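Chemist: Sequence:
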Amino acid sequence: MVATMTATMGAASPMDAPAAPAAPATFPSVPAKYYGNAGDIPKCRPGHVCATVAYGGKYHVFDFYRYGTYGLSNWHGRGRVVNEQAGGAAARVYDRSGAETACVAAGTAIAGADWDRAGKIKLTTARC
8 MVATMTATMG
18 AASPMDAPAA
28 PAAPATFPSV
38 PAKYYGNAGD
48 IPKCRPGHVC
58 ATVAYGGKYH
68 VFDFYRYGTY
78 GLSNWHGRGR
88 VVNEQAGGAA
98 ARVYDRSGAE
108 TACVAAGTAI
118 AGADWDRAGK
128 IKLTTARC
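Numbering (the working numbering), first residue to last: 8 to 135.
Rather than coming from a laboratory, the hints here were simulated on the basis of the structure.
All figures in this text were calculated on a predicted structure; none of them were measured in a lab.
Every residue gets a Cβ at the ideal spot worked out from N, C-alpha and C, and that includes glycine.
Incorrect hints may appear among the rest.
In silico DMTMM-like cross-links for lysine to aspartate or glutamate, where the CA-CA straight-line distance does not exceed 25 Å [to be verified]:
| no. | residue 1 | residue 2 |
| --- | --- | --- |
| 1 | K40 | D123 |
| 2 | K50 | E91 |
| 3 | K127 | D102 |
| 4 | K40 | D121 |
| 5 | K65 | D47 |
| 6 | K129 | D70 |
Cβ-Cβ distance ranges computed for the label pairs, FRET-style [unchecked claim]:
| no. | residue 1 | residue 2 | range |
| --- | --- | --- | --- |
| 7 | D102 | A29 | 17 to 27 Å |
| 8 | A133 | G64 | 32 to 42 Å |
| 9 | A133 | G46 | 31 to 41 Å |
| 10 | G75 | K40 | 12 to 22 Å |
| 11 | C135 | A27 | 33 to 43 Å |
| 12 | K65 | T132 | 25 to 35 Å |
| 13 | A112 | A27 | 30 to 40 Å |
| 14 | R85 | G54 | 21 to 31 Å |
Let's have the full structure, built from the sequences with the hints guiding it.
Modeler: Right, here's the structure in full:
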C-alpha cells in the first residue's frame, strides 16, 4: 500500500492543471465565428454589428443583427466594434455599472474597445 501511495502522490493530477478561461459569450446568444488570424476576419455584413474579442490565440467575432441589449461574459482585452447598420442606428457599449463607454455610429468602427470593463452592447435606432 505504501508503494502505491508513493507512485500516485508524485504524479500530476488533471485537477492540478489550471483551468482554461471560459470562452467569451453573449446573452442572449448571437452567432460567433472563430478566426486564427486577424487578417482572415471578413468584412461585417450590411445591417449588422460585429464585435471582435481575442481569446486563446484566436479571434471570436460576434455577429449582432437585432436591436436590443446583449450581456457580455468573459470578454477581456481590447477589441473592435464595426457598425454596418444604416441610417442613425448605433451600437453602444456599456460598462458593468451601466455607464456608456462608447457609441459607434452607423457606417463606422472603433478599435481598442475595452472589453475588461464592458458589460453590455446595445443596438438601437437612437443616434450617437
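Chemist: Evaluate each hint against the coordinates.
Modeler: Tested hints:
The hinted pair formed by K40 and D123 meets the criterion: a straight-line CA distance of about 20 Å does not exceed 25 Å. Distance check on the hinted pair: K50 and E91 sit about 9 Å apart at the alpha-carbon level, within 25 Å; holds. Between K127 and D102 the CA atoms are separated by roughly 7 Å; this keeps the pair inside 25 Å, and the hint holds. At most 25 Å may separate the alpha-carbon atoms for a hinted pair to count; K40 and D121 meet this at roughly 20 Å.
Under the criterion of a C-alpha separation no larger than 25 Å, the hint pairing K65 with D47 is consistent with the structure, at around 11 Å. This hinted pair checks out: K129 and D70 have alpha carbons roughly 13 Å apart, not beyond 25 Å. Look at D102 against A29: about 20 Å separates their beta carbons, and that is inside 17 to 27 Å. Distance hint check: the CB atoms of A133 and G64 are about 37 Å apart, consistent with the given range 32 to 42 Å.
For A133 and G46, the Cβ-Cβ distance of about 34 Å falls inside the hinted range of 31 to 41 Å, so the restraint holds. Checked against the hint of 12 to 22 Å, the C-beta distance between G75 and K40 comes to roughly 20 Å, which is consistent with it. Checking the proposed 33 to 43 Å range against C135 and A27 shows it holds: the Cβ atoms sit about 36 Å from each other. Taking the beta carbon of each, K65 and T132 are about 33 Å apart, inside 25 to 35 Å as hinted.
The hint said 30 to 40 Å for the Cβ distance between A112 and A27, and at roughly 36 Å that hint holds. Evaluation of the 21 to 31 Å hint for R85 and G54 yields a pass: the beta carbon distance comes to about 25 Å.
Of the numbered hints stated above, none is contradicted by the structure.
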